[in-house]
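Enquirer: Below, each chain spelled out in residue letters.
4 protein chains.
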Amino acid sequence: MKFDSIRNQAYEANMALEEADLVVATFGNASALDSDHGVFAIKPSGVPYRDLSPELMVIVDIEGKKIDGDMNPSSDTLTHAVLYKEWPGIGGVVHTHSTYATAWAQAQMAIPIYGTTHADHLTVDIPCAPVMTAEMIKGQYEYMTGYQIVEYMAAMNYSAREVEMILVAGHAPFTWGKTVKKAVYNSLICEEIAKMAVLTQQIRPNAPRLDNNLIDKHYQRKHGAGAYYGQDMEK
Amino acid sequence: MKFDSIRNQAYEANMALEEADLVVATFGNASALDSDHGVFAIKPSGVPYRDLSPELMVIVDIEGKKIDGDMNPSSDTLTHAVLYKEWPGIGGVVHTHSTYATAWAQAQMAIPIYGTTHADHLTVDIPCAPVMTAEMIKGQYEYMTGYQIVEYMAAMNYSAREVEMILVAGHAPFTWGKTVKKAVYNSLICEEIAKMAVLTQQIRPNAPRLDNNLIDKHYQRKHGAGAYYGQDMEK
Amino acid sequence: MKFDSIRNQAYEANMALEEADLVVATFGNASALDSDHGVFAIKPSGVPYRDLSPELMVIVDIEGKKIDGDMNPSSDTLTHAVLYKEWPGIGGVVHTHSTYATAWAQAQMAIPIYGTTHADHLTVDIPCAPVMTAEMIKGQYEYMTGYQIVEYMAAMNYSAREVEMILVAGHAPFTWGKTVKKAVYNSLICEEIAKMAVLTQQIRPNAPRLDNNLIDKHYQRKHGAGAYYGQDMEK
Amino acid sequence: MKFDSIRNQAYEANMALEEADLVVATFGNASALDSDHGVFAIKPSGVPYRDLSPELMVIVDIEGKKIDGDMNPSSDTLTHAVLYKEWPGIGGVVHTHSTYATAWAQAQMAIPIYGTTHADHLTVDIPCAPVMTAEMIKGQYEYMTGYQIVEYMAAMNYSAREVEMILVAGHAPFTWGKTVKKAVYNSLICEEIAKMAVLTQQIRPNAPRLDNNLIDKHYQRKHGAGAYYGQDMEK
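Protein chains in written order, with my numbering: chain A, 170 to 404; chain B, 170 to 404; chain C, 170 to 404; chain D, 170 to 404.
Rather than coming from a laboratory, the hints here were simulated on the basis of the structure. Note that beta-carbon positions come from the ideal geometry of N, C-alpha and C, so glycine has one too. One thing to keep in mind: the hints can contain errors.
[As the list claims (entries may be wrong)] Straight-line alpha carbon distances no greater than 30 Å define the calculated BS3-like cross-link-like pairs of lysine-lysine that follow: (1) D/307 <-> A/351; (2) C/350 <-> D/347; (3) A/391 <-> D/235; (4) D/347 <-> D/171; (5) B/307 <-> C/391; (6) D/350 <-> D/254; (7) D/391 <-> C/307; (8) D/391 <-> C/254; (9) B/307 <-> B/254; (10) A/350 <-> B/391; (11) B/391 <-> A/235; (12) B/254 <-> C/391; (13) D/307 <-> A/391; (14) B/171 <-> B/351; (15) B/234 <-> C/391; (16) D/391 <-> A/391; (17) C/307 <-> D/351; (18) C/234 <-> D/391; (19) A/391 <-> D/254; (20) A/347 <-> A/235; (21) C/171 <-> C/351; (22) B/391 <-> A/254; (23) B/235 <-> C/171; (24) B/350 <-> C/391; (25) D/350 <-> A/391; (26) B/391 <-> A/307; (27) A/234 <-> B/391; (28) A/391 <-> A/350; (29) A/307 <-> A/391; (30) C/351 <-> B/307; (31) C/234 <-> C/254; (32) C/235 <-> D/391; (33) B/234 <-> B/171; (34) B/351 <-> A/307; (35) D/347 <-> D/235.
[What the hints assert, rightly or not] Cβ pair distances, simulated, as ranges: (36) D/375 <-> C/254: 51 to 57 Å; (37) C/174 <-> D/206: 50 to 56 Å; (38) C/174 <-> B/234: 40 to 46 Å; (39) D/326 <-> A/299: 48 to 54 Å.
So here's chain A without its partners, still in its complex pose (with noise of 0.2 Å):
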């Protein structure tokens, strides 16, 4: 059947969020692209996850407009949508209420980089788009959604290939890869990183920035151009 590999991969995805504790309830969501098609596989809105089967995902183009399935897609599709269309080299996107993560969103801060579990998936502090406009938030929400973090990635000059996890300030997480097993990878090290850095904060306020050099050390072993981490996995 059409669109069969890309609703297993986003059935799969979404259960390995419930599997590792990311979501609560109906919370979260994950994606998987068909770039060749311009369309993705999304959770329906509001199911269990027990619920779920890879036939109930909901097939959408990267306008957001609903092209196979039964039910009603994601209430945050839009936001899927417009990260698939802006930055054309990702395949998968996954949103998650992730305690830890959320609650750095809810501070509306930034998770500093304080170790090497942080500097092996990026160099930067995670960053956090700040609260949208009213009029961002009273037009099509979930549509400015995906524009404040494009754009804040954009004034940051992050890369959405280097950089691959977000905060979205009095929201919660976003992450995205290559494939959607990417981002959900990408969703569970966001909320250990979030975590080990509310404790580090908790164990020394003002504790200090991770060293340059470390940052540059770890980040090039797994990603860079002589990478020596792991067999052939993706980079």
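Assemble chains B, C and D onto chain A, guided by the hints.
Expert: Here is chains B, C and D on its own, set in the frame of chain A:
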């Protein structure tokens, strides 16, 4: 058998509380209303969750009088009875001592609205009814706990339809809903919001309250006239 | 077989400690008394929980002398022995290094009574016996730990019937009860109260102590002359 | 098959790390030494725990050269190699990014000895080796991480036999032991001590260091000449 339906609902709800780690030992109780007959089914007092069965649920009328069942009903039965009596629209009530929500109750403070996870469910801080007076405590304590809740909701001008959770200072949370399933869901959400809020304050003492536009937007997209969250779930 | 009953009780209790996540590695020990014969069954020292069986429980008299069993009894055996000897009414003792209760013991502070979860079980702060003197530590350490507990309870004028849990400063909690099952329950409750109290202080430093009327009401409804909590459980 | 024993030991140890929730995703690695042949078995780099098997463990000599195996060894292999080379008595090494211990490493602080849980295992604060110099980082990084550990232990005058765990500032914990099973145990204990210490400080900032008499007593009863903890386990 008469009352089978509410016995089953109450049983499922009580078991769901334990499954979701919202209760320790024999703490916590859930009840389900049969509004046609003006009675509700509630957990027996002090029985471990693993020993419960639908048959053990006790049937009580909304004055709190036992109608059917071999065991003593929960010691909090009169609190449930008052809420059913005073708020005709609700169909289920849940009481837990879940860790984070109870910590806020012990701190005798409302839980500030810091993010959209909160705003998805209510537009105000999760209220905290003050410690009861000596007279109320020494009289019919559980009955007066019900009235403490009802009167504080009225004093704050909150409707039981729009605000489905409250803390009682020095004690713990109570939640309710159109069904007991929804009340259980509200207990889970209350605990998660409570945890996120503690963490938010740890990251940033005096973190700002969530922007009003975001509060309205998130609540309206789930509960407003033009709500577009979910499929055809209760809104 | 002689002592089968207390061996089984002690075994079940030790396994329940691990099941409830109250112990890490081989930490923690539970014992059950046979008051007719003046002996108790206790966990062997340093054996992982998954390798335990009822037969491995060691039988010791209340002077702390091994009566039966192939293995060495827990290194904390003399502490248990002292409590049984000095407090004739108790039938079980439990010692854990559960995380939150141990943190309070390490902070060398009693756990303030902040809520009804606490008041349901005792009407005073969970006491913290001071660090033992150099002489006590250098002598028969575990034996003196028992006396440190007994003497501090006496100095505070607490009865072992009404206060069934204590912290030993710099060390960890000890609990007891009419049965070892009740002592395990008390360990679980002590840990939960300890966690709620840390969180309460984080939310509101110098949070107020629970109102005396609430303390009395909650304790009396579970343990007083006219108690109405539970069915016919031990009160 | 040659090296079967250490492959099995390393496999079991790596799986035990995941079982104990000490690792997220592919983080963490355990290795087991064959001291007769001067080689050790270590986890392959970047492979998820669920895909591991004894056969996939990589055999490396203590200079860090791969001897046998199809996959790339852990990127931290040279750190393990240095510890085996410099400390002839050890038989296993473990590295994790466990949450609480890593937070202390990120805070760049030693973990103060606050209680007997800590003193049961070592008599000093869990040391934290300082952030490495730019030169060390830019050179053979993992190799120099090993020397950073060895040299800091020497500078503090700590023996690898008595202190079996360390934090590397900005990075995470490393542990070791006579066997890899003991090294895994030490990782678990290090994490638990780290968590208790954060909580102790939250309850009481500037909590007092544990009394020296208690430190000595607890360490000696487990590890001293007249140790009386356990059966005939390794002391």
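Enquirer: Hints first: check each against the structure and report whether it holds.
Expert: Taking the hints in turn, this is what the structure says about them:
1. D/307 <-> A/351: Judged against 30 Å, a Cα distance of about 29 Å means the pair holds.
2. C/350 <-> D/347: violated, 38 Å
3. A/391 <-> D/235: The given pair, whose Cα atoms are some 20 Å apart, holds under the 30 Å limit.
4. D/347 <-> D/171: holds, 21 Å
5. B/307 <-> C/391: With a Cα-Cα distance of about 15 Å, the restraint between residue 307 of chain B and residue 391 of chain C holds, given a limit of 30 Å.
6. D/350 <-> D/254: holds, 19 Å
7. D/391 <-> C/307: holds, 15 Å
8. D/391 <-> C/254: holds, 26 Å
9. B/307 <-> B/254: At roughly 22 Å apart (the allowed maximum being 30 Å), residue 254 of chain B and residue 307 of chain B satisfy the hint.
10. A/350 <-> B/391: Satisfied, since the Cα-Cα distance of roughly 29 Å is no more than 30 Å.
11. B/391 <-> A/235: At roughly 20 Å apart (the allowed maximum being 30 Å), residue 235 of chain A and residue 391 of chain B satisfy the hint.
12. B/254 <-> C/391: holds, 26 Å
13. D/307 <-> A/391: With Cα atoms ~15 Å apart, residue 307 of chain D and residue 391 of chain A stay inside 30 Å; holds.
14. B/171 <-> B/351: Between residue 171 of chain B and residue 351 of chain B the Cα gap is close to 23 Å, so the pair holds against 30 Å.
15. B/234 <-> C/391: Judged against 30 Å, a Cα distance of about 20 Å means the pair holds.
16. D/391 <-> A/391: violated, 42 Å
17. C/307 <-> D/351: At roughly 29 Å apart (the allowed maximum being 30 Å), residue 351 of chain D and residue 307 of chain C satisfy the hint.
18. C/234 <-> D/391: Holds, because 20 Å separates the two Cα atoms, which is no more than 30 Å.
19. A/391 <-> D/254: holds, 26 Å
20. A/347 <-> A/235: holds, 23 Å
21. C/171 <-> C/351: Within the cut-off at roughly 23 Å; holds.
22. B/391 <-> A/254: holds, 26 Å
23. B/235 <-> C/171: Violated, at roughly 46 Å.
24. B/350 <-> C/391: holds, 29 Å
25. D/350 <-> A/391: Distance ~29 Å between residue 350 of chain D and residue 391 of chain A Cα, so the pair holds.
26. B/391 <-> A/307: Judged against 30 Å, a Cα distance of about 15 Å means the pair holds.
27. A/234 <-> B/391: holds, 20 Å
28. A/391 <-> A/350: holds, 18 Å
29. A/307 <-> A/391: violated, 42 Å
30. C/351 <-> B/307: Answer holds: residue 351 of chain C to residue 307 of chain B is near 29 Å, not above 30 Å.
31. C/234 <-> C/254: Satisfied, since the Cα-Cα distance of roughly 13 Å is no more than 30 Å.
32. C/235 <-> D/391: holds, 20 Å
33. B/234 <-> B/171: holds, 17 Å
34. B/351 <-> A/307: Within the cut-off at roughly 29 Å; holds.
35. D/347 <-> D/235: Status holds; Cα separation ~23 Å.
36. D/375 <-> C/254: 51 to 57 Å: violated, 38 Å
37. C/174 <-> D/206: 50 to 56 Å: 53 Å Cβ-Cβ, so the 50 to 56 Å window holds.
38. C/174 <-> B/234: 40 to 46 Å: holds, 42 Å
39. D/326 <-> A/299: 48 to 54 Å: holds, 51 Å
Checked against the numbered hints above, the structure breaks hints 2, 16, 23, 29 and 36 and satisfies the rest.
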